[in-house]
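J.: Letter by letter, the chains look like this.
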Amino acid sequence: NAGVMQNPRHLVRRRGQEARLRCSPMKGHSHVYWYRQLPEEGLKFMVYLQKENIIDESGMPKERFSAEFPKEGPSILRIQQVVRGDSAAYFCASSPKPPGGHQETQYFGPGTRLLVL
Amino acid sequence: QQQVKQSPQSLIVQKGGISIINCAYENTAFDYFPWYQQFPGKGPALLIAIRPDVSEKKEGRFTISFNKSAKQFSLHIMDSQPGDSATYFCAASASGYGGSQGNLIFGKGTKLSVKP
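Protein sequence lines correspond, in order, to chains A and B.
Residues 75 to 191 in my numbering are what the first sequence lists, from first letter to last.
Residues 82 to 197 in my numbering are what the second sequence lists, from first letter to last.
In short, the hints are calculated from the structure, not lab data.
Predicted model only: the values in this text are computed from it and were never measured.
Please note: incorrect hints may appear among the correct ones.
Said to hold, decoys possible - In silico DSSO-like cross-links for lysine-lysine, where the CA-CA straight-line distance does not exceed 30 Å:
(1) A/171 - B/123
(2) A/145 - A/101
(3) B/123 - A/145
(4) B/123 - A/136
(5) A/101 - A/118
(6) B/192 - B/139
(7) A/171 - B/196
(8) B/96 - B/189
(9) B/189 - A/136
(10) A/171 - B/139
(11) B/196 - B/96
(12) B/139 - B/152
(13) A/101 - B/149
(14) B/96 - B/86
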């Protein structure tokens, strides 16, 4: 059973360009979380999605960032008009069950390292 | 305030020694406390997790101690090995419905170095 897949692993963009990060959850997992990690920092929650639904986007910046998890295909984190401060590692995690009553383990992908020049 | 404070920031231990990392939280709604291990260039991997209905959980050389009244929990790595050298993150989440359900709140990490 393949783990969480993320691509690309490394992404370089110039200021003002768009970045699209993809995450394929583990087989059978329909819950996806996105986190951002700045150098020497812990991971910060961004958004929680189920298939076709955004459940919690309280950690997403209000502008330029969006996420989706379509019925078919991977989850996408999209950053428009990137700025240097967007440079970070972006991790997605997947879970087979929703939280509530008994927290299910989140399995993390290898991350996408975004560098904005 | 949803925050998890982790200490120390870095830790050097001799091979065979005990590594101890501490975390403290504020939100009493937290009911799930995992520890993740991260190697450079890799994603975090779940090491061990505990729920507040027990005070200790052991898996191999790794033990979580949990003090609900003090709102603190710690990771103990017994017989530390050079291969344990990595960054360790504590985290917490609340499983209740509504609000930020299930989102992991991470500490800032502890960089462990085990010397041979």
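J.: All hints, please: hold or fail.
T.: Consistency of the hints with the structure:
1. Between residue 171 of chain A and residue 123 of chain B, the direct Cα distance comes to roughly 24 Å. Compliance with the 30 Å bound is thereby established for this hinted pair.
2. Among the hinted pairs, residue 145 of chain A with residue 101 of chain A is consistent with the structure: their alpha-carbon atoms are about 14 Å apart, no more than 30 Å.
3. For the proposed pair residue 123 of chain B and residue 145 of chain A, the alpha carbon gap of about 28 Å is at most 30 Å, so the pair holds.
4. Among the hinted pairs, residue 123 of chain B with residue 136 of chain A is consistent with the structure: their alpha-carbon atoms are about 28 Å apart, no more than 30 Å.
5. Between residue 101 of chain A and residue 118 of chain A, the direct Cα distance comes to roughly 25 Å. Compliance with the 30 Å bound is thereby established for this hinted pair.
6. Simply put, residue 192 of chain B and residue 139 of chain B have alpha-carbon atoms about 21 Å apart, close enough for the 30 Å limit, and the pair holds.
7. Distance restraint check for residue 171 of chain A and residue 196 of chain B: the Cα-Cα separation of roughly 40 Å exceeds the 30 Å cut-off, and the hinted pair is therefore not satisfied.
8. In summary, the hint linking residue 96 of chain B to residue 189 of chain B is supported, as the alpha carbons are separated by about 24 Å, within the 30 Å threshold.
9. A distance of roughly 24 Å separates the Cα atoms of residue 189 of chain B and residue 136 of chain A; the hinted pair therefore holds under the 30 Å criterion.
10. Our distance criterion of 30 Å between C-alpha atoms is met by residue 171 of chain A and residue 139 of chain B, whose separation comes to about 25 Å.
11. With a CA separation close to 6 Å, the supplied pair residue 196 of chain B and residue 96 of chain B stays within the 30 Å bound.
12. Restraint check for residue 139 of chain B and residue 152 of chain B: satisfied, since their Cα atoms lie roughly 19 Å apart, inside the 30 Å limit.
13. Proximity of residue 101 of chain A to residue 149 of chain B is assessed by CA-CA distance (about 35 Å); at most 30 Å being required, the pair is judged violated.
14. Taking the CA atoms of residue 96 of chain B and residue 86 of chain B, the gap is about 27 Å. The hint holds against a cut of 30 Å.
This entry does not satisfy hints 7 and 13, going by the numbered hints stated previously.
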